[in-house]
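Q: Chain by chain, the residues:
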Amino acid sequence: MKILVCVSHVPDTTTKIQFESDGSALNKTGVTFVINPYDEFGLSRAIGFKEEGKSVNITVLCVGGPEVEPTLRKALAIGADDAVRINTQANDPAYVAAQIASYAEGKEFDLIFTGKESIDYNGSTVPGMLAEHLLWPFVSFATKMDLQDEERAVLHREVDGGEEVVETSLPVVVSCQKGIAEWRIPNMRGIMAARKKPLAVVSPAEITPYFQTVRYNYPPPKGECVYFEPDQAGKLIETLAQKGLI
Amino acid sequence: MSILLFAEHAQGKLKKSTLEAATYANDLAQKMSTTLCAVAIGQIEESELEKLGKYGVSRVYAVRPDASKPYGHASEAVIITNLAKELDAPVVVFSQTYSGRAIAPRVTAKLEAAPYSGVTSLADPANGFEVERMAFSSKGIQTIRTDKDKVVITVKTNSYHIEEQPVSCEIEEKSFSPSDTSLDTIAKELLKAGEGISLTEADIVVSAGRGMKGPENWGMIEELASLLGAATACSKPVADMGWRPHHEHVGQTGIQIAPNLYIAIGISGAIQHLAGVSSSKNIVVINKDPEAPFFKVADYGIVGDLFEVVPQLIEAVKKVKVAS
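The listed protein sequences correspond, in order, to chains A and B. Numbering follows my numbering, in which position 225 of the first sequence is assigned residue number 225; successive positions increment by one, without gaps. Numbering follows my numbering, in which position 141 of the second sequence is assigned residue number 141; successive positions increment by one, without gaps.
Keep in mind that the hints are not guaranteed to be accurate.
[To be verified] Quick list of in silico lysine-lysine cross-link-like pairs, BS3-like style, CA-CA up to 25 Å:
| hint | chain 1 | residue 1 | chain 2 | residue 2 |
| --- | --- | --- | --- | --- |
| 1 | B | Lys319 | A | Lys243 |
| 2 | B | Lys296 | A | Lys235 |
| 3 | A | Lys16 | B | Lys281 |
For the record, the hints were derived by calculation from the structure and aren't laboratory data.
Put together the whole structure using the sequences plus the hints.
A: Structure follows, in structure tokens:
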């Protein structure tokens, strides 16, 4: 079975986000980049299939320049078998989805994992567009996945206000949400092995970008917090009522 | 030419987020001097279809799929795409719900449109559909524009106002028999039906954390929430310890919400938690630790013992509700 795990190279959650002074781009000085946490759920689930005794090859893929290679090496250290970097900047989600689809076409993957969203652009659009390009089924926000055989899988997915059980044929695109697997920490053996695992750099397909980023801004600053004494809780409620908030 | 709105509904009624998306789509249609059409798929009450006219929809396509043939998001994407082509729609508008995020990307790819997800401002059609969207888990605002002549927009929930602008509205029934459902993933079983108030749609959310000391103390949180007509939520540690169900967990790895009022009780405000709630328009923080990071993003705060403060809040809300 061949699994493709798509990962994004994103600023760590705890990073203070700062933009260049002209708002043109993220200021990357001092920013720690990590594997997008939701993508890592997919990687962990893929490794889980291997541990369940299935014959699985896991390819991890990232769209980006040479700067994303540490993220791919980390995925190899956690347990992917080989890595692919599509050598272009991830301009927008439609561009990225088309690049991944162009790479995956004809390579006979049985399963493609993505995260439910990336924590940098929070779009949630790549997996669905990827499924449409490949004409595969798509299971969004998966919290559980078991393979029935080589051709079918049963998953749980989050829907508005609940969770449902779905059955799907393979190949399928699955976007991962918390619950599908636990994150794994690479061990020393994994880190050593990762250095020797293959990392292929492939040229991007000719695709024109779908949108341009004009600028970045910060959200409007929060006003000062208005404090009430612990025995003045009633005043707080009156204030909320006066403002029409309750 | 017309703008197309996906009119999402649950239990036969339009969702609140659909009215936000309708207002958005109608404002955009006026800016583009065009009309607004909507498509509703599945079983929805007739009066709800008519209600769309109040929000500027001049024509509703009520698509009733053949009940004997189950269908899923991929078939819905086919229905919406076909209508968008028929109407020559430059813009298709969804709400950024679970369904919206599952269907919109397929429609985007089929139409070769620009993917505008999680937008928070009205797009400027005269200027490359320039628009703002949240990025970096609400720590930044990204302004984007496109050269494409088609865009598919998902409007971030709770971030656009709802406004009535009545027009006369025609309802056109359309039958649909899915010919190919091989791409559909069809629900076999619903594990948790949506009960109570949906967290992502709630105007008010009352959320509590480790400061509650144990699941047995949640009675007062539920009472406060119920008095306010609010949804209940919790922090990650609380869900991890099994004090509250996982579907109540808000934060980076949980559900991201943007209610009008978020009341955080006994939650310190770790950066991962803030990533999921900082888009809330008003934040009240109750914590005994004056150094709790949550106070930095709070609009109103009480430094005190929640076991003393919350019962006072409950009594005060009862008074306010009686008075109104």
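Q: Compare the structure with each hint and give your call.
A: Cross-check of the supplied hints:
no.: 1; hint: B/Lys319 with A/Lys243; result: holds (16 Å)
no.: 2; hint: B/Lys296 with A/Lys235; result: holds (21 Å)
no.: 3; hint: A/Lys16 with B/Lys281; result: holds (21 Å)
Hint compliance for this structure: no hint is broken.
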